[in-house]
Structure formats: C-alpha cells, structure tokens
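Student: Residues 91 to 337 in this note's numbering are what the sequence shown lists, from first letter to last.
Everything labelled a hint here was simulated from the structure, so no lab data went into it.
A couple of the hints might just be wrong.
[Stated by the list, open to error] List time: in silico DSS-like cross-link candidates among lysine-lysine, alpha-carbon distance up to 30 Å:
1) K139 <-> K304
2) K139 <-> K274
3) K273 <-> K262
4) K139 <-> K105
[As the list claims (entries may be wrong)] Now the in silico label distances, taken between C-beta atoms and shown as ranges:
5) T324 <-> L201: 33 to 41 Å
6) N188 <-> E326: 21 to 29 Å
7) K262 <-> V140: 39 to 47 Å
8) E135 <-> S316: 21 to 29 Å
9) S183 <-> P216: 37 to 45 Å
10) K139 <-> K273: 23 to 31 Å
11) R320 <-> R141: 37 to 45 Å
Remember, it's a predicted structure, so these values are computed and weren't measured experimentally.
Note that CB positions come from ideal geometry on N, CA and C, so glycine has one too.
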Amino acid sequence: MVGSLEEGGWATLLKSSIGNKIVADSADAEHSLALVGSLATVTPEGRPKVRSVVLRGFLVPKQGEGIVEGVKAGNNIDSMPIFSTHLNTQKISELQANSACEVSFWIEETLEQFRIGGHIHILRMPKASEEEIDVDEGFLKFPIEYIRMSRVGDKDPLDIEGFTGDKETILKKTYEEHSHYLKKWFSTQAPGSSLDEEKSEVEGLDNYCLMVLKADHVDYLNMCKSGHFRRIFTLEDGDWKIEKVEP
91 MVGSLEEGGW ATLLKSSIGN KIVADSADAE HSLALVGSLA TVTPEGRPKV
141 RSVVLRGFLV PKQGEGIVEG VKAGNNIDSM PIFSTHLNTQ KISELQANSA
191 CEVSFWIEET LEQFRIGGHI HILRMPKASE EEIDVDEGFL KFPIEYIRMS
241 RVGDKDPLDI EGFTGDKETI LKKTYEEHSH YLKKWFSTQA PGSSLDEEKS
291 EVEGLDNYCL MVLKADHVDY LNMCKSGHFR RIFTLEDGDW KIEKVEP
C-alpha cells in the first residue's frame with residue numbers, strides 16, 4: 091500500500107479508499123457514496139469554525155490544458171476535491187475573507203484519516219447584478235473535467251465517471267445531481283437568518299456554488315491492524331514531497 095501511495099499520491103489514495111468504503115457499504119447502497127468530512131475555517135475575528143461537508147467529487151486538470159494556475163495538467167495527484175453549498179452561508183463569507191482551510195475525513199471502513207489543507211476557490215453562476223461576492227476569475231480556465239465515484243449498481247464501484255465542460259456546465263450538471271430537498275434548500279434565503287424575516291425564494295441555481303479545494307498540504311494516517319503509518323504530503327514549487335513520520 092505504501093508503494094502505491096507514493097507512486098499515485100494522496101488523491102489516488104483517497105479515491106481508492108472511497109472505493110473500498112463503497113464495497114464495504116454495498117449493503118446500504120443508497121448512502122454508500124456519502125463521504126462526510128469536517129471543514130475548518132477562520133472568522134475575521136480569528137475564531138475557528140468547523141462544520142460537516144459532503145465530498146461531491148473532484149475537478150481535475152486536463153492533460154495538455156493548463157487550466158489551473160499552479161497545478162500540473164493531467165497529474166492525478168493534483169485532483170481538487172469539491173463541495174457544494176448555499177452561496178449565502180457563513181462559511182462562504184469566511185472563505186472570501188480568508189481562503190485558507192482544512193478538511194478532515196475519517197474513513198471507518200479502512201481506518202484511514204485524511205487531513206487536507208489548502209485554499210478554497212468559489213465557483214458560482216454569473217449574475218447580472220454587480221453586487222456579488224468576489225470570485226477568483228483567473229483560477230479556472232476551460233475546459234474543466236469533473237469526476238465522481240460511480241454509484242453502486244451494475245458498475246464496478248471503483249470506476250470513475252465524469253464529464254468535461256466549462257464552469258457553467260459543471261455547475262448546472264452537479265446541481266442536478268442533488269436531491270429535490272437540497273434543491274429546495276438552495277432556493278431559500280440565507281441559512282442562519284431569522285425565521286421571523288419575510289421569506290423569499292429564488293432560483294436554486296442562483297444560490298448554488300462549489301467550493302474547490304486546491305490542496306498544498308495533506309496529512310495521511312493509516313491505523314490498520316498490521317501497523318500504523320503516517321505520511322505528510324507537501325506541495326513545493328509545483329511538486330509534491332512525501333515525508334514519512336511517526337503516526
């Protein structure tokens with residue numbers, strides 16, 4: 091396992107672990123794809139905030155397309171985890187003020203922990219209004235490849251599905267993957283706002299956004315029964331360095 095880890099990098103290892111989780115959870119196919127992590131941000135006042143997030147997939151640089159500044163095209167190690175949320179949540183305003191964050195995943199079925207640190211970029215639909223959050227327009231150029239683990243069924247659970255498109259296509263297609271209830275949530279007013287305020291609904295896609303995590307530090311811990319081991323992945327000058335450390 092250590093060999094494949096060092097050859098493929100942390101993203102390859104994470105996708106493999108998700109596949110193993112799917113196999114272990116195959117009796118509960120409806121929820122077997124859900125990988126829930128904890129996303130930590132910092133408020134402008136310096137207070138830490140943590141909340142649960144669901145991994146929706148990855149954005150991957152295309153071979154021969156320099157679509158992401160500072161990321162090597164076609165390098166599976168540089169896959170970028172993505173999470174969806176309501177545009178008006180507190181975490182979005184916190185990330186706009188300070189994009190540094192860390193997300194932690196614990197995979198019970200494989201006894202593995204991934205702590206992925208870096209900076210989050212926000213992808214949202216363009217709006218005519220000038221009053222919108224600041225978006226890093228230079229972060230993504232086109233096309234973008236989106237991948238996710240295939241659903242349990244007639245396909246191998248380790249297969250990767252995906253499609254390529256521009257930012258708007260990625261947003262629309264990933265939005266449609268959400269349940270009816272989540273789409274309804276996206277159409278509501280800001281989460282956390284007073285229930286006494288007058289309710290107003292908008293098109294759910296207008297409030298929908300993707301948080302794209304561009305990692306620069308990954309702490310991987312494996313607590314398998316045959317012996318614990320830990321690796322630190324650090325991005326330096328566009329290349330990932332791997333250090334073996336005590337668990």
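Student: Each hint needs a verdict: does it hold in this structure or not?
Tutor: Status of each hint after checking the structure:
no.: 1; hint: K139 <-> K304; result: holds (19 Å)
no.: 2; hint: K139 <-> K274; result: holds (25 Å)
no.: 3; hint: K273 <-> K262; result: holds (12 Å)
no.: 4; hint: K139 <-> K105; result: holds (27 Å)
no.: 5; hint: T324 <-> L201: 33 to 41 Å; result: violated (24 Å)
no.: 6; hint: N188 <-> E326: 21 to 29 Å; result: holds (22 Å)
no.: 7; hint: K262 <-> V140: 39 to 47 Å; result: violated (30 Å)
no.: 8; hint: E135 <-> S316: 21 to 29 Å; result: violated (45 Å)
no.: 9; hint: S183 <-> P216: 37 to 45 Å; result: violated (19 Å)
no.: 10; hint: K139 <-> K273: 23 to 31 Å; result: holds (25 Å)
no.: 11; hint: R320 <-> R141: 37 to 45 Å; result: violated (26 Å)
In this structure, the hints that do not hold are numbers 5, 7, 8, 9, 11, in rising order.
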